[in-house]
Amino acid sequence: MKFKNTLIILTGLLALTAVATLAASATPFMGVELPKGHGGIVIQSTGQEVHEVLGGTSPTMEFTVKKGYGHVKIKVKNTGSNTISWSLQGNGRECLNKTVGKGDTLTWTSLNSYPNGMPSGEYVIQFRAGGNKVEGEAWGTTGQYPSDIN
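First residue of the sequence shown: 1, per the working numbering; consecutive thereafter.
Don't read these hints as lab results, they were simulated from the structure.
Don't be surprised by glycine CBs; every beta carbon is placed ideally from N, CA and C.
Treat the hints with care, as some may be off.
To be verified - With a straight-line Cα cutoff of 27 Å, these simulated DSSO-like cross-link-like pairs (lysine-lysine) come out:
{"no.": "1", "residue 1": "Lys67", "residue 2": "Lys102"}
{"no.": "2", "residue 1": "Lys102", "residue 2": "Lys77"}
{"no.": "3", "residue 1": "Lys77", "residue 2": "Lys66"}
{"no.": "4", "residue 1": "Lys75", "residue 2": "Lys98"}
{"no.": "5", "residue 1": "Lys102", "residue 2": "Lys66"}
{"no.": "6", "residue 1": "Lys98", "residue 2": "Lys77"}
Unchecked claim - Cβ pair distances, simulated, as ranges:
{"no.": "7", "residue 1": "Glu94", "residue 2": "Lys66", "range": "17 to 27 Å"}
{"no.": "8", "residue 1": "Gly131", "residue 2": "Lys98", "range": "15 to 25 Å"}
{"no.": "9", "residue 1": "Leu106", "residue 2": "Gly131", "range": "18 to 28 Å"}
{"no.": "10", "residue 1": "Lys67", "residue 2": "Leu96", "range": "13 to 23 Å"}
{"no.": "11", "residue 1": "Ser58", "residue 2": "Tyr145", "range": "29 to 39 Å"}
{"no.": "12", "residue 1": "Ser81", "residue 2": "Pro115", "range": "35 to 45 Å"}
{"no.": "13", "residue 1": "Ser81", "residue 2": "Asn116", "range": "32 to 42 Å"}
{"no.": "14", "residue 1": "Gly101", "residue 2": "Val50", "range": "34 to 44 Å"}
{"no.": "15", "residue 1": "Thr99", "residue 2": "Val53", "range": "14 to 24 Å"}
{"no.": "16", "residue 1": "Gln89", "residue 2": "Asn116", "range": "18 to 28 Å"}
{"no.": "17", "residue 1": "Pro119", "residue 2": "Ser81", "range": "35 to 45 Å"}
My request is simple: use the sequences and hints to build the entire structure.
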């Protein structure tokens, strides 16, 4: 009888230890702090993340799309008094042109134009304001999956 009770107690302790270990591993990760300049882009699984304060008459922002991270999100905030036009160039060709009105913010994702992701390579965004000073900020990020940039 003593052996049976001891066996029951040991089995119970082993089960509690396994449950406690499993519960500890399922605890969510807390305390993630985003830098102040993250631009409101919160990502799950990213490649490169870039941020640029725009100034001058033709500033640029460069980023790299690594293989497997072809889903791209670009956010441009125009804080100036002139419309900003910007073009994305990569792999030897121009990919798109967009405009952002004064005081506006534009967020572009690659999901419509490149549903399977953009080709890997080096990219540059050229910003212009019709010869005037460009004022604003730009953010860019790359992700493995479409949900990484939404």
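- Message: Can you tell me whether the CB distance of Ser81 to Asn116 sits inside 32 to 42 Å?
- Response: holds (39 Å)
- Item | Status of the given 34 to 44 Å range, CB of Val50 versus CB of Gly101 | violated (23 Å)
- Look at the Cβ atoms of Lys67 and Leu96 and judge whether their distance stays inside 13 to 23 Å. holds (21 Å)
- Item | Whether the CB-CB distance between Leu106 and Gly131 falls inside 18 to 28 Å | holds (21 Å)
- Item | Cβ distance range 29 to 39 Å for Ser58 and Tyr145, holds or violated | holds (34 Å)
- Query: Lying within 17 to 27 Å: is that true of the beta-carbon distance Glu94 to Lys66?
  - Reply: holds (21 Å)
- Message: Check the hint pairing Lys67 with Lys102 against an upper bound of 27 Å on the C-alpha distance.
- Response: Since the Cα atoms of Lys67 and Lys102 sit roughly 35 Å apart, the hinted pair is violated (cutoff 27 Å).
- For the pair supplied as a hint, Lys75 and Lys98, confirm whether the alpha-carbon distance does not exceed 27 Å. holds (11 Å)
- Message: Can you confirm whether the C-alpha distance between Lys102 and Lys77 stays at or below 27 Å?
- Response: holds (9 Å)
- Query: CA of Lys102 to CA of Lys66, is that 27 Å or under?
  - Reply: violated (33 Å)
- Query: Given the proposed pairing of Lys98 with Lys77, does the C-alpha separation stay at or below 27 Å?
  - Reply: holds (12 Å)
- Does the structure keep Lys77 and Lys66 at a Cα separation of 27 Å or less? holds (25 Å)
In this structure, the hints that do not hold are numbers 1, 5, 14, in rising order.
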